[in-house]
Amino acid sequence: MSGHSKILPSEITPEPVYRGRREFLASVAGVGALAAAPAAFAQQVMSVTLVEQLRYQRNARYSTAEKSNSFAEITGYNNFYEFGTGKDDPAENAHRLRTRPWSVVIDGECEKPGRLALEDLMKPHPLEERIYRLRCVEAWSMVIPWIGFPLASVIQRFQPTSRAKFIEFTTLHDPKQMPGQRYAVLDWPYVEGLRMDEAMHPLAILAVGLYGKVLPNQNGAPLRLVVPWKYGFKSIKSIVRIRFTERMPATSWALSAPREYGFFANVNPEVDHPRWSQKSERRIGSGNLLSRQPTLKFNGYADEVAGLYRGMDLARNF
Amino acid sequence: MIKADTLTRRVFKPLVFLLCLLPAAWLVAGIANWPPASLGANPVETIQDTLGIWGLRLLLATLAVTPLRELGGWPRVLAFRRMLGLYAFFYIALHFLFYLFVDQASDWRQLLADVVKRPYITAGFTALLLLIPLALTSTRRAMRRLGRRWQKLHRLVYVAVVLGCVHFWWQVKADIREPVVYAAITAVLLGWRLQHYWRRRAARTDGSGPARLAGQPPAEA
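These protein sequences, in sequence, are chains A and B.
Just so we're aligned, residue 1 is where the first sequence starts under our numbering, counting upward by one.
Just so we're aligned, residue 319 is where the second sequence starts under our numbering, counting upward by one.
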């Protein structure tokens with residue numbers, strides 16, 4: 001930076017002040033829109049939700065130093081088949097999803113099952129920012145600053161019994177809000193799962209935001225799983241049910257094409273998808289069209305998670 | 319009065335020529351970032367898919383020429399067939415070159431591995447290989463030199479279009495709606511030819527078929 005353009009400390013708006021301004025602007029936008037057409041109003045409500053700031057602390061230990069993708073990339077290029085199978089369909093259609101009120105059913109092999117409002121589910125957990133790599137099974141990747149809390153601390157609250165060997169998550173099923181569910185592209189509702197030891201791993205989080213703001217709908221609002229060492233499809237979105245089970249859950253992609261998608265779905269450059277190579281990936285937004293980068297085992301989280309799979313044949317348990 | 323022939327040659331052909339160039343022009347503009355970010359977050363994927371789908375669309379357009387001429391009673395449509403076919407080849411060749419030099423960053427070893435190991439790439443690559451002799455023999459001179467064999471050779475396009483559909487179908491993850499549409503159009507276009515062929519053969523063998531069919535030249539590719 002040249003000497004002339006240096007920003008004086010006195011010029012920087014303190015965070016509480018700009019937050020206040022944003023909230024003020026958002027509320028003004030909301031009031032102004034009341035007079036406008038209903039569609040425009042819905043749009044405004046959306047943007048009001050989007051600017052909602054979250055209080056959080058960065059977890060440096062579990063964050064990568066790599067450059068995060070832009071907000072536009074993260075919210076404009078999504079696989080979320082509930083809103084359509086095109087990459088830009090979720091950004092276009094996800095405004096139909098109502099994320100408030102939202103509740104989550106917790107049941108199965110646990111001492112304290114129940115239905116919790118999202119607020120009550122979140123309440124005891126301080127929010128953390130975790131900048132994670134995301135590797136899609138389609139061989140592209142991003143870096144995303146999630147806001148969330150460890151899945152393990154949520155699990156402990158419900159006291160799973162000794163019979164709880166797996167945890168199963170289910171996405172909302174409502175074709176009115178999720179127009180992609182009108183077509184049986186997958187067997188709705190979407191179901192994903194983890195082995196209990198995977199779920200208890202400190203890298204596994206439930207996310208409620210990104211870039212410091214409430215999660216945009218197309219990214220799985222209001223509550224989604226993030227398991228950074230597995231292919232993106234394991235990180236289920238818009239969760240309405242968490243169930244502890246004794247048996248391995250039947251998960252959506254594994255049901256859809258068992259030869260191509262396994263239950264574990266750990267990122268692994270040594271095990272190709274039957275139809276394409278997983279050796280390398282294209283980092284979205286890297287600027288250079290020619291650049292592919294090598295894919296890392298467990299998406300670069302091998303030091304943390306490889307121990308979970310000791311002695312397992314990862315080519316068979318793909 | 320302008321003759322219909324002149325109109326086709328002077329107006330419609332240049333117009334179709336420019337229309338066929340539009341997808342490529344959109345991609346070139348997108349690469350130059352105009353309008354900004356038109357190619358989306360994953361431009362490589364957008365370019366690759368756009369080149370491929372226009373290759374398939376133009377291949378189908380080429381195959382629609384003969385049925386249109388016969389059913390629609392629109393003989394002059396034949397004048398567009400070569401242009402459409404060559405444009406199809408243009409997009410499919412670019413689709414392949416882009417895959418090799420950009421997506422795989424000139425990794426020939428990976429290309430060879432893909433062609434052998436990935437059935438959808440085997441299908442697509444075979445389709446491209448089949449189209450090369452057709453593009454090379456698309457000149458009037460080659461047509462004259464090859465005579466009746468030209469037509470036989472150019473029936474390879476039927477195989478290529480089926481392989482193109484397979485190539486598309488085999489790479490979607492779960493949503494097969496779009497490839498199904500292309501496969502259905504292909505089935506209609508090839509089905510029409512098969513039916514045409516049977517009727518003509520029946521007419522030829524029992525001699526009682528309609529004179530219109532019996533008197534016709536062999537089916538166009």
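These aren't lab readings, by the way, just hints derived from the structure by calculation.
Nothing here was measured: the structure is a model prediction, and the numbers come from that model.
Among the clues, some could well be false.
[Said to hold, decoys possible] Simulated pairs of lysine to aspartate or glutamate, EDC-like, Cα-Cα distance not exceeding 16 Å: (1) A:LYS279 to B:ASP421; (2) A:LYS87 to B:ASP493; (3) A:LYS165 to A:ASP107; (4) A:LYS279 to B:ASP524.
[Stated by the list, open to error] Restraint ranges, calculated between C-beta atoms of paired labels, are given here: (5) A:ALA257 to B:ARG467: 33 to 39 Å; (6) B:ARG400 to A:ASP187: 35 to 41 Å; (7) B:ALA453 to A:ALA257: 35 to 41 Å.
For glycine and all other residues, C-beta sits at the position ideal for the given N, C-alpha and C.
Now the hints, each set against the structure:
1. A:LYS279 to B:ASP421: 13 Å, holds
2. A:LYS87 to B:ASP493: 13 Å, holds
3. A:LYS165 to A:ASP107: Cα-Cα ~14 Å, so holds.
4. A:LYS279 to B:ASP524: 62 Å, violated
5. A:ALA257 to B:ARG467: 33 to 39 Å: 44 Å, violated
6. B:ARG400 to A:ASP187: 35 to 41 Å: About 47 Å separates the Cβ atoms of B:ARG400 and A:ASP187, which means 35 to 41 Å is violated.
7. B:ALA453 to A:ALA257: 35 to 41 Å: The hint (35 to 41 Å, Cβ to Cβ) holds, given that B:ALA453 and A:ALA257 are roughly 36 Å apart.
Violated hints for the displayed structure, listed by number in ascending order: 4, 5 and 6.
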